[in-house]
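Generate coordinates for the entire structure from the input sequences, incorporating the hints supplied.
In order, the protein sequences belong to chains A and B.
Position one of the first sequence corresponds to residue 0 (numbering that gives the first Met the number 0), numbered consecutively onward.
Position one of the second sequence corresponds to residue 0 (numbering that gives the first Met the number 0), numbered consecutively onward.
For the record, the hints were derived by calculation from the structure and aren't laboratory data.
Glycine is no exception: its CB is placed at the ideal position from the N, C-alpha and C atoms.
Some clues are possibly wrong.
[Claimed, not checked] Simulated DEER-style distance windows between Cβ atoms: (1) E152/B to S422/A: 19 to 29 Å; (2) L122/B to S422/A: 34 to 44 Å; (3) T421/A to L119/B: 25 to 35 Å; (4) Y105/B to S422/A: 22 to 32 Å.
[Said to hold, decoys possible] Stretches of chain B that chain A covers, calculated by requiring three or more beta carbons in the stretch to come under 8 Å of a beta carbon on chain A: (5) 30-42; (6) 83-90; (7) 93-102; (8) 114-122.
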Amino acid sequence: MSPEFLALIMFLVTIAALILGFPVALTLGGSALIFAFIGDYLELFNTGMLMVYPLRIFGVMKNEPLVAVPLFIFMGVMLEKSNLAGELLEAMGRMFGQLNGGLGISVLLVGAMLAASTGIVGATVVTMGLMSMPVMLRAGYSPSLASGLICSSGTLGQIIPPSIVLVLLGDILQGANEQAAELKGELVPVPVTAIDLFAGALIPGFILVGMYIAWQVFMAFFKPESCPPMSASDDGEKPDYRLLLRAVLPPLALIIIVLGSILAGIATPTESAAVGAVGASFLAWTRGSFNLDIIRAVSRETTKISSMVFIILIGASMFSLVFRGFGGDTVIEEFLTKLPGGRFSALLLVMVIMFFLGFFLDFIEIIFVVVPIVGPVLISMGYDPLWLGVMIGVNLQTSFLTPPFGFALFYLRGVAPPEVRTSQIYAGVLPFIGIQVAALALFWAVPSIVTWLPGIIFN
Amino acid sequence: MRGARRIGPLVFRDRSGHSRRGRDVKLLSAVVHAIDWLNERVGRAVSWLTVLMVINVFIVVVLRYTLSVGWIWMQELYVWSHATVFLLGAGYTLLHEGHVRIDLIYREASQRYKAIINILGSLILGGPLIYLIFDRSLPMISRSWDSLEKSAEAGGMPGLFVFKSVVAVFAVLFGLQLLALFLRSVETLLGADDGPEYLDTEDQEGGI
Numbered sequence: 000m001s002p003e004f005l006a007l008i009m010f011l012v013t014i015a016a017l018i019l020g021f022p023v024a025l026t027l028g029g030s031a032l033i034f035a036f037i038g039d040y041l042e043l044f045n046t047g048m049l050m051v052y053p054l055r056i057f058g059v060m061k062n063e064p065l066v067a068v069p070l071f072i073f074m075g076v077m078l079e080k081s082n083l084a085g086e087l088l089e090a091m092g093r094m095f096g097q098l099n100g101g102l103g104i105s106v107l108l109v110g111a112m113l114a115a116s117t118g119i120v121g122a123t124v125v126t127m128g129l130m131s132m133p134v135m136l137r138a139g140y141s142p143s144l145a146s147g148l149i150c151s152s153g154t155l156g157q158i159i160p161p162s163i164v165l166v167l168l169g170d171i172l173q174g175a176n177e178q179a180a181e182l183k184g185e186l187v188p189v190p191v192t193a194i195d196l197f198a199g200a201l202i203p204g205f206i207l208v209g210m211y212i213a214w215q216v217f218m219a220f221f222k223p224e225s226c227p228p229m230s231a232s233d234d235g236e237k238p239d240y241r242l243l244l245r246a247v248l249p250p251l252a253l254i255i256i257v258l259g260s261i262l263a264g265i266a267t268p269t270e271s272a273a274v275g276a277v278g279a280s281f282l283a284w285t286r287g288s289f290n291l292d293i294i295r296a297v298s299r300e301t302t303k304i305s306s307m308v309f310i311i312l313i314g315a316s317m318f319s320l321v322f323r324g325f326g327g328d329t330v331i332e333e334f335l336t337k338l339p340g341g342r343f344s345a346l347l348l349v350m351v352i353m354f355f356l357g358f359f360l361d362f363i364e365i366i367f368v369v370v371p372i373v374g375p376v377l378i379s380m381g382y383d384p385l386w387l388g389v390m391i392g393v394n395l396q397t398s399f400l401t402p403p404f405g406f407a408l409f410y411l412r413g414v415a416p417p418e419v420r421t422s423q424i425y426a427g428v429l430p431f432i433g434i435q436v437a438a439l440a441l442f443w444a445v446p447s448i449v450t451w452l453p454g455i456i457f458n
Numbered sequence: 000m001r002g003a004r005r006i007g008p009l010v011f012r013d014r015s016g017h018s019r020r021g022r023d024v025k026l027l028s029a030v031v032h033a034i035d036w037l038n039e040r041v042g043r044a045v046s047w048l049t050v051l052m053v054i055n056v057f058i059v060v061v062l063r064y065t066l067s068v069g070w071i072w073m074q075e076l077y078v079w080s081h082a083t084v085f086l087l088g089a090g091y092t093l094l095h096e097g098h099v100r101i102d103l104i105y106r107e108a109s110q111r112y113k114a115i116i117n118i119l120g121s122l123i124l125g126g127p128l129i130y131l132i133f134d135r136s137l138p139m140i141s142r143s144w145d146s147l148e149k150s151a152e153a154g155g156m157p158g159l160f161v162f163k164s165v166v167a168v169f170a171v172l173f174g175l176q177l178l179a180l181f182l183r184s185v186e187t188l189l190g191a192d193d194g195p196e197y198l199d200t201e202d203q204e205g206g207i
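Quick look at the structure:
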């Protein structure tokens, strides 16, 4: 048996083991460890290589850019626990709710803006579902349209900056980028940072939101009964613009400060995440909900989510250590470079595989496990790492929406009222999947949609 | 540790009232409860570090952009706090089922299935991995203690040896919580349907 073959088996067995349901971090690291010992027994691997593992862990421990992750989580949880997102939705619903489809547009905007960017698809969809599904159903929205709106905006929130998915992706892509430079025989790679990714994801994010809104407007014109205005009895008051401003301006200002300071090159993601966390706490304070209880709740939630993320990173680094030890990365490289159709088919294949992996694995796992393996090859083929990162993000988001396995659908099913049928949820996301695929094709055909903004900001 | 007792929002159900399988089971529950208690305390304590991190980074930002001053040790302080949170909070996170699982099958599965997965997983996957981390990190840590290693950066933090030791403490705390998961699952499998599970009232709202 060749070591490369063992690497392939290890990959498949690990995916199978993950589906059984033991915590991801331990499954990734544990199954790799078993294969390391099998390989050692077959004299295909030297377990002495595992001596570097503590150094890898230590590398994660002193990685400064990753500190942005817990700080963004802190900000997101603070915004959620102080019910700022809820108030925002209420105010916008009051504003636009008198129009056909107005409530739907509010849900899209709030979801894209505030869907707390914790990197966990399920959590975001659950929050959005609990917050907006009952309101939309009460207003008489068709369950399928409501489901589609929630799933699409909830998953989009994951890749719209500031997002921890992008921070993690930036870290992994930078590593992949350095390896790609090695493959190409270059000395100094052009660095890729989370900042570049934030800038790169901004316009595609806006385009996607725009396309979602266009679909909602289309429905409002041609199928107005699916998205009626909120009834007067539900909300007799006229739209109160002062209230709207009070609800919309502060979170909007916070997002602009956080993103703006990163994109203007004033602050690193870590720094602006801290400003965001302080800002979110300040907003909670202005609403009178900032107290010891909320700090305690937010800090514990932050601890749990960030521990979850980084222990997976530690498990995944064991996985890639062993995978590389078997020479699995060279197999992938040879396979992808020899594909007929050149780099186009290589990327297409990777995207299709990621799409299907997205049925089983969340953003974080795919970023930590798959991107380090395929990233260097694709980048050395000449793909822009930044563009690649955004394409991966949108592709995975599509995967999470796709029936029957899409993550978002499962989680929405879990919180949607029983009278919403699963088939209605599936039907509701279909147009949004169409939008996603169209957008992916667009970004593929016109890469400058992604690379233009980072280019003018940083050059 | 007897009777129902409360630790903050955690309600433990102890079954010292039922003495069906005598002392062994009681001892097991006592071990599980002791581990839960330990990680609950540690997790709550390190959670405060997230608040300190926010303040720490914020101060760094303010100092840099208003007075144009900055110290390496301040930067290291928040990086170290961050690592301490996710490492020492790992056992706490496991206690609260915070380590994400692919729940395609797991979510709908029976208690028995879950128990079997957790037993096999902690024996075959988790246990060896944690042991390896503990075992292979000891040389790195002991070398660091020998020289009472400091940060390599000029003006960095002292006590790098303490920071490196966090890896071993992580392995112990996380390993213990994995043991608790294992023991709890064994009890479930043995049919102790009123086993020493805990009701976690804190996490009912479904995360973020």
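Problem set entry | Non-conforming hints, listed in increasing numerical order | 1 and 5
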